[in-house]
Amino acid sequence: MATYKPVVVQAFPRLGERITQDTLYWRGYKTPVQIKEFGAVNKIDFSPVSPYNYAVTASSRIHIYGRYSQEPIKTFSRFKDAAYGATYRDDGNLLVAGSEEGSIRLFDISGRAPLRQFDGHAKPVHVVGFLSDKYRIFSGADDYSSNLWDIPSATEIVSYSEHNDYVRCGCASKVNADVFITGSYDHTVKLFDARRKSSVMTIEHGHPVESVLLFPSGGLLVSAGGRYVKVWDVLKGGQLLVSLKNHHKTVTCLCLNSSGQRLLSGSLDRHVKIYSTTSYKVVHSFSYATSILSLALSPEDETIVIGMTNGVLNVKHRKPEERKVKSQKKRQPTYRTYVKGRTYMPKQEDFCVSKPVKRVLRKYDKLLKSFQSSKALDAVLEPPIRLYSPEVTVAVMQELHRRGTLRSALAGRDEKQVNLLLTFVARRVIEPRFTSVLVTVADIITDIYQPVVGQSAIVDRQFLRLQEAIGKEIDYQEELLEVLGMMDALFATFTKKRPHVHLTKLDYTVFSLPASSPFQTSMKS
Amino acid sequence: MDGIPIKTFTVGSKLLALYALASFEDSVFVVIPKSGERDTFQLVSVKLTKAAGQDLEAKELSVVLDGVDASPKCIAFGREGEYVASVKEVNLQVYFFKRKQLNRFSVSAMKTKSGKNHFMCIACHPTEDCIATGHADGKIRLWRNFHHKKEYTFSTLHWHHDTVMDLAFSLQGSSLLSGGVESVIVLWRNESERQRDFLPRLGSAIEYISVSPDGTLCCTLHTDNRITIINSNLRFSRSIQGLIKSTNVKTGLVVDPRTKALVLNGEPGHLQFYCLQSDQQLFSLDIVQRQYIHQAGLNQTDLVKVAFSAQGEWLATVEEREEVTDPELQLKLWFYDEETQSFKLNTRISMPHEDHITDMCFRDIDEVEDESLILVTTGSDCVFKVWVMVEDTDPEAQQSVSWSCDFVGSYHNYQATNCCFSEDGSLLAVSFEETVTVWDSVTWDLKCTFCYSPGKIRNICFGRLTCSKYLIGATDHGFLCCWNLLTCALEWSAYLNVVVLQPDPLSEHIAAISWLSKDSSLFVFKPNEPRPIYIQRNFCKEKIQLAVFVPREEPETIGSAKYLWLRRSQLFFLTATQELITLSTKSLEERLTPSSKQLAVEESLPVTPFSLLLGKHRRHQSQEDIDLGKLVVRNKPEQDSPAVKELLHTPAHVLPSASFLCPVFINSLLISKENPSAEEVADEVEMESEKTEADSDEERDVTEMEQEDTSPVELLGEITCKLSKSQEKELRKLRKMDYSWISAF
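Line by line, the protein sequences give chains A and B.
Taking the UniProt record's numbering, the leading residue of the first sequence gets 1, the next gets one more, and so forth.
Taking the UniProt record's numbering, the leading residue of the second sequence gets 1, the next gets one more, and so forth.
Worth flagging that the hints you see were computed from the coordinates, not collected in a lab.
Within a straight-line C-alpha distance of at most 20 Å, the following computed DMTMM-like cross-link-like pairs (lysine to aspartate or glutamate) qualify:
1) A:5 - A:391
2) A:366 - B:197
3) B:447 - B:406
4) B:88 - B:37
5) A:197 - A:178
6) A:5 - B:286
7) A:369 - B:162
8) B:518 - B:476
9) B:250 - B:542
10) A:5 - B:320
11) B:7 - B:57
12) B:14 - B:55
13) A:369 - B:197
14) A:174 - A:233
15) A:472 - A:443
16) B:100 - B:26
17) A:369 - B:286
18) A:245 - B:391
19) A:123 - A:186
20) A:281 - B:391
21) A:5 - B:302
Construct the complete structure from the given sequences, taking the supplied hints into account.
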């Protein structure tokens, strides 16, 4: 024997973006602050030590910004031409930058003039960085060479000329002080060991390499170039782990978040994609106004700074964690009341009387259970249900229709109730999820109350509103059909495979509405 | 109550209802068709003569009432058998046995909105002169004072909105039970309109209600082949059910790969899992999950299609509700939850197609059941759709996979009618009216089309194992065609009106059931040869609707080559009247023996002094065996057991006298002797005893009797007695009697 089954209220999935933990996390930033720089921002680097200032390299200047300042707190402008790739040392005291004229300059954060200048590259130096022992600098330049420099003596230690195109990106290992990698426009990424005279490993990326990144563990290498982001296992001798193709223009910059769980990539297609480093699937994405050149994330993901081609620096700060305000709840019965008698273990001679579990039914369910159709409809037309959960109202209407009692439930209502019903129908009938049911309801209402049309101004107005809403919807559907026809024609010209797939998806988003023919017949009033 | 008939009376005509009353000990009342007239029936009383013998002919018939209804619900006997009341259409007739008076009453045959007010059923009060009648319009009338032809009175109870199917008074008559299509049992107290109790939602329409003689229980019989037992305080107690009969088996017969149970429509909106071995319903899965309104003429949501994935991990169901404007369709995908041991709803797709779904199948690949699982549905809206599992990108999401549409295919805007995957899952065949299209299941490219006009395709299936290169199709113009997928040409075709085409999942064989001139015939064939390997013509008078191969638990050893195709699976059919039929390889006798063995349940035997004695005797024997230290091979240990068993299992009151049984019993004991020589002798004796039965050789008989005396007499103390000559003679005479009836038990 079955018990009464409550009315199933259909839950519809929300269209558009799914709400996941990631979207919630990455949405937790304030509206961005835009700062105008003099030229394209080619590098942003956060200071690894607290207050987490960041150096922005744009045009011939390096600006240091504080965490919340919109004006640079310091500027290094001793460059004749463009400066490139200003990078902090691990202790945050020194800053190194390459330049268009081929020299590398080392600055003290507190000073203004460069501490050292390394000359030796014949062409512009786009990438410089510190090795993890803090006393050496690596650099890559447009003369195809990548060099290693000694800071104290300001001399070149070794020069590798293995690339045969511009060297535009590089990265030092955090684990081994002798290892660094460079990526070049010759489509390769090379791994160098300072103790060896030649490169240790060459990885073929397949496109001009725009950015490289080593995981903190040093085992995985990420390279970006063309539309691809590729992840390589260095310990397995440079085996390709995964190739990601989520951008539709060249990927220009890469960045890991502070925990190392997410990888961010910025591209000329104006998007920043966030990948999970376990599944390598896109978990979130940001879109910006112009093409992105550089990107950096502060420790603890407090700030996202994006540099664009038009020289705009976009800074987003994380919203402070919302403290949940402890609301003064109603005084609940004490704990003792709840556990009273619950802990009693029945003795052997005790006779247990089991109480049947009482199921709580909603009001409309109770009425439906006792076949009181009109009252059930009244119950779901109460303001809280009608306004905030119209799906319940529609579900009950559908259930009444299934039982064949919808007509009798709708009939015999006074002016006020008819007005209420029509307001609801006129407002909700254009929602695709409710249309099929509410069309029937509208049909029955017009059928029942046709004889009394003209007796009440309020009801007449509602009828007109309903007609207007449906007319608009029909126009809209016609337009959509036209668009679909145009797209059909376009697809037909393609000889590409699987044109059906695209059509399907459209089909689903647009045409969840059934044909609206019943309206035209029923809406004569 | 042991299920053994005591006497059989032959009345000589079709018995439609039978009533036995305490006040008429020597006669019973039966409803028989009136001789010479069609559709008229009469109630007659049959005198049961007390003559000896098993089969008797009941000749003394006397007509009590004429023109009664054939249904047993329409006749009831009143208080202590004083009168009998019968209803038919709008007439009620009451016959008083003592006064031999017949009173007729009728209700005016008016047609109201709710229906006719015809009589449907009748019940008589057990202690008072009161008759309750149920009507087609849902009313119950209580008739009193019907001794008078004119001054009778009746009161009306009305709750049912549809026909009252059956009525029953409680033991004391204080309350009345009624039931009908609403599947609610109503308890009326003190015959008043106000005091009533309900037990709702009993599952399906109530056909019969009956109250147990002690009044503690009542039981209802439902239209879906089920009995519900209810306590007297209207508490549901238990239900007895086998294969639930549903109004229309739309889902087809499907085998659950996990439990090997037969899956088909059960209760409305439910899927029943029916165990073929134990004839039990394993469980009933609620698919629709909506309150079912038991009311005639409502468009209810019904389950129309079911498909299991190869391992039984996934279940896809389609439910449908007919509607004038557009049908309500839902495709549901269920995942088997190991923890709860039941199916859990994973994805619900509303309106998967714009019109009815005609067929549905999973891509069955046994080895890999992962993301590559694909579901295909075909619809009357001229498309077929491919549904795939998509993994959720969010690792914290509650369910990791869900289903979504991947591809929509169509062919010249023809309605898609059937779909089928090849055995390796690489090809999908979809039939569009007259054409069969074959699609690549990876790229969803149309590979080739087959057509055998005229006639629309009714069924398609791929060959299996060695015949996997063939595609079989049946058209509604009565052709069975086989196409070769390698050459893309027709291999053979046969003229056969195939209604069901069912491939065996474990072999190459395909069963085709044809419907020709009111007879169903079965043809089993392999696709690579056009000649069928097995033909069973006219095996069923009814139209076979569905068929399914159920894999056997272990391959059966089958002697005859004719039935070799049934080695690994068994074929089941469902007829239009929902009878489940199977083909058996065994002969009738072989099948009957286990059932008769089942009847004799040894464990439930009561311990009688006799059986104890027998046990002691057996133990004694075995001890002797051990003592002697030699392995005695008893080649006939069972030989004595049937006789003994029959002796023990037959109830005492039907047993013949002890003197009659004595020789049989003693004979049976004689055979089981320990030493080989004695055994030989026993054999001999037995052989000879058979002879003696025929020849009645006295000499031998005597020796045998002596033998009997010597060995078992010590054991059976009660029977130790020297047989006198006369007794011996008596025994001999008895022995000659035919007691083969014993073996019939």
